[in-house]
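**Q** What follows is each chain in one-letter form.
Protein chains: 2
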Amino acid sequence: MHAVQFTAETSANGVVERDFVVGDVPGVLWSPASGPDGAPLVLMGHGGGLHKKTPAQAARARDAVTRWGYTVAAIDAPGHGERPRTAGDEQARAEMREAVATGDNHRFEKVSVAYARSLTERAVPEWQATLDALQRRPEIGPEAPVGYGGGVSLGTAIGIPLTAAEPRITAAIFGGGFFVYDDLLAAARRITVPVQFLLPWDDAYVDRRTTLALFDAFASPDKTLHAKPGDHRRIRWSGVDDGFLPRHLRR
Amino acid sequence: MHAVQFTAETSANGVVERDFVVGDVPGVLWSPASGPDGAPLVLMGHGGGLHKKTPAQAARARDAVTRWGYTVAAIDAPGHGERPRTAGDEQARAEMREAVATGDNHRFEKVSVAYARSLTERAVPEWQATLDALQRRPEIGPEAPVGYGGGVSLGTAIGIPLTAAEPRITAAIFGGGFFVYDDLLAAARRITVPVQFLLPWDDAYVDRRTTLALFDAFASPDKTLHAKPGDHRRIRWSGVDDGFLPRHLRR
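If you're matching them up, the sequences are chains A and B in order.
Reminder that position 2 of the first sequence reads as 2 in this note's numbering, one-by-one numbering, no gaps.
Reminder that position 70 of the second sequence reads as 70 in this note's numbering, one-by-one numbering, no gaps.
None of these hints come from the bench; they were simulated from the model.
Just so you know, not all the hints are guaranteed correct.
[As the list claims (entries may be wrong)] Under the rule of at most 20 Å between Cα atoms (straight-line distance), these lysine to aspartate or glutamate pairs were calculated in the EDC-like manner: (1) A:K228 - B:D76; (2) B:K228 - A:D222; (3) A:K53 - A:D63; (4) B:K53 - B:D76; (5) B:K53 - B:E98; (6) B:K53 - B:D37; (7) B:K228 - B:D216; (8) B:K228 - A:D241; (9) B:K110 - B:D183; (10) B:K228 - A:D63; (11) A:K228 - A:D241; (12) A:K53 - A:E95; (13) B:K228 - A:E98; (14) A:K228 - B:E82; (15) B:K53 - B:E95; (16) B:K228 - B:D183; (17) A:K228 - B:D216; (18) B:K110 - B:D76; (19) A:K53 - A:E98; (20) A:K53 - A:D37; (21) B:K110 - B:E82; (22) A:K228 - A:D202; (23) A:K110 - A:E139; (24) A:K228 - B:D241.
[Stated by the list, open to error] With the C-beta cut set under 10 Å, the calculated list includes, among others, these residues of chain A facing chain B: (25) A101; (26) G103; (27) L199; (28) D231.
Bear in mind that the values here come from a model prediction, so they are computed numbers and not experimental data.
Backbone N, C-alpha and C fix where the C-beta goes; we use that ideal spot for every residue, glycine too.
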């Protein structure tokens, strides 16, 4: 059982940013410079090829801290950000690049799914160990409501099995932008907490029908789909329901 | 050219409700008890079998008046509310009831589409004449921004061709709950103003794929789909983007 070890701290505009490791998994915790302990904790998962402090994710995290007083945690996915890649990771990435370069969409999907499966198998227990460790911090504690705060593409491909496996997560924001495979559909069918799902209507690679089938699969009685034109790399989710987390992460 | 003739007026909680006729089309205008002239005007269309003061629609209208200071207008669709039905209307309604009673979904769709076409052909020019007359009222005027404020089912089946035909409408809220037919898709392809589309995910009769194709057809660069589980008769649109009209109906 690993504890949270803080390695760096900065502070700006009322938001404290602390880098940490739990075991060999590096993460970052954004929290209010002042406020009561036990604030809701939101987990954010970055997209494929990105990292825990990707600007768009860091901006969403800071916004959640300043608007609602939440604590936000993000970790680097396996082989992302500060983390070493395995030989298998390197091979998967090379094959994905090659498939895109040659316009072989079938191969791109096949390699992407295999890579996402491999990352997810590693990432779910890492998130659970991180959550265990964060809940042992006195400023968070075991009673703070926990939500999954989204991230499209890889962040959701990991977030869905994590939320299905993890009863501590009581509301989740997911988003499209990745290939949907059978294990993800099966995990979605086990999710019953409120779900907000963001669908980029015109993803460059993913057939939207597969993502609509994924939304359909969630067992959650309270689920809402928000779709806007554009590919997941460029889309901005203004004008959707900003009140989702505050409604569902009450202390 | 008909003028607005007011026939009744009541007032409660800061909202003035005035019944009117334009020619032989009865309508209702909700407006703030006090406020500047030229407030944005929102047109609301009720669902099939309902009428201009249906409680859910009246509540949405009053909310738009009190929250944003808007003026809201609604009219009875042909053969609805206070309006007489033609022999063709009566026959269509009888056939729809019979098709539902016998579980003949194919016939129900066929008759529903023919009836919606007939209602829409009559309703679009009625809405345009109503809008002409309303804009000649000094408290509204020709400069007030005009939006179509939704209503699922029939309100959208009429609202889509109206918005396609009517350059005065600069933003529109639509919603599913009706059979999509070719003329509606063609009208959607001519719409370029911002669209907010509410999709009941589990409509009792309508295959959601047809409604998703309708959303896909809008030419609007700014369009957002919001979907929630449930049939269109029961669904409540809490937790979607309440800021849509205020963003797009600026004076």
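**Q** None of the hints should be skipped; say for each whether it holds.
**A** Hints and how they fare:
no. : hint            : verdict
1   : A:K228 - B:D76  : violated, 32 Å
2   : B:K228 - A:D222 : holds, 8 Å
3   : A:K53 - A:D63   : holds, 14 Å
4   : B:K53 - B:D76   : holds, 9 Å
5   : B:K53 - B:E98   : violated, 27 Å
6   : B:K53 - B:D37   : violated, 24 Å
7   : B:K228 - B:D216 : holds, 18 Å
8   : B:K228 - A:D241 : holds, 12 Å
9   : B:K110 - B:D183 : holds, 14 Å
10  : B:K228 - A:D63  : violated, 26 Å
11  : A:K228 - A:D241 : holds, 13 Å
12  : A:K53 - A:E95   : violated, 26 Å
13  : B:K228 - A:E98  : violated, 39 Å
14  : A:K228 - B:E82  : violated, 39 Å
15  : B:K53 - B:E95   : violated, 26 Å
16  : B:K228 - B:D183 : violated, 26 Å
17  : A:K228 - B:D216 : holds, 10 Å
18  : B:K110 - B:D76  : violated, 24 Å
19  : A:K53 - A:E98   : violated, 27 Å
20  : A:K53 - A:D37   : violated, 24 Å
21  : B:K110 - B:E82  : violated, 26 Å
22  : A:K228 - A:D202 : holds, 8 Å
23  : A:K110 - A:E139 : violated, 43 Å
24  : A:K228 - B:D241 : holds, 12 Å
25  : A101            : violated, 29 Å
26  : G103            : violated, 24 Å
27  : L199            : holds, 8 Å
28  : D231            : violated, 14 Å
Violated hints, listed in ascending order, are 1, 5, 6, 10, 12, 13, 14, 15, 16, 18, 19, 20, 21, 23, 25, 26, 28; each of the other numbered hints is respected by the structure.
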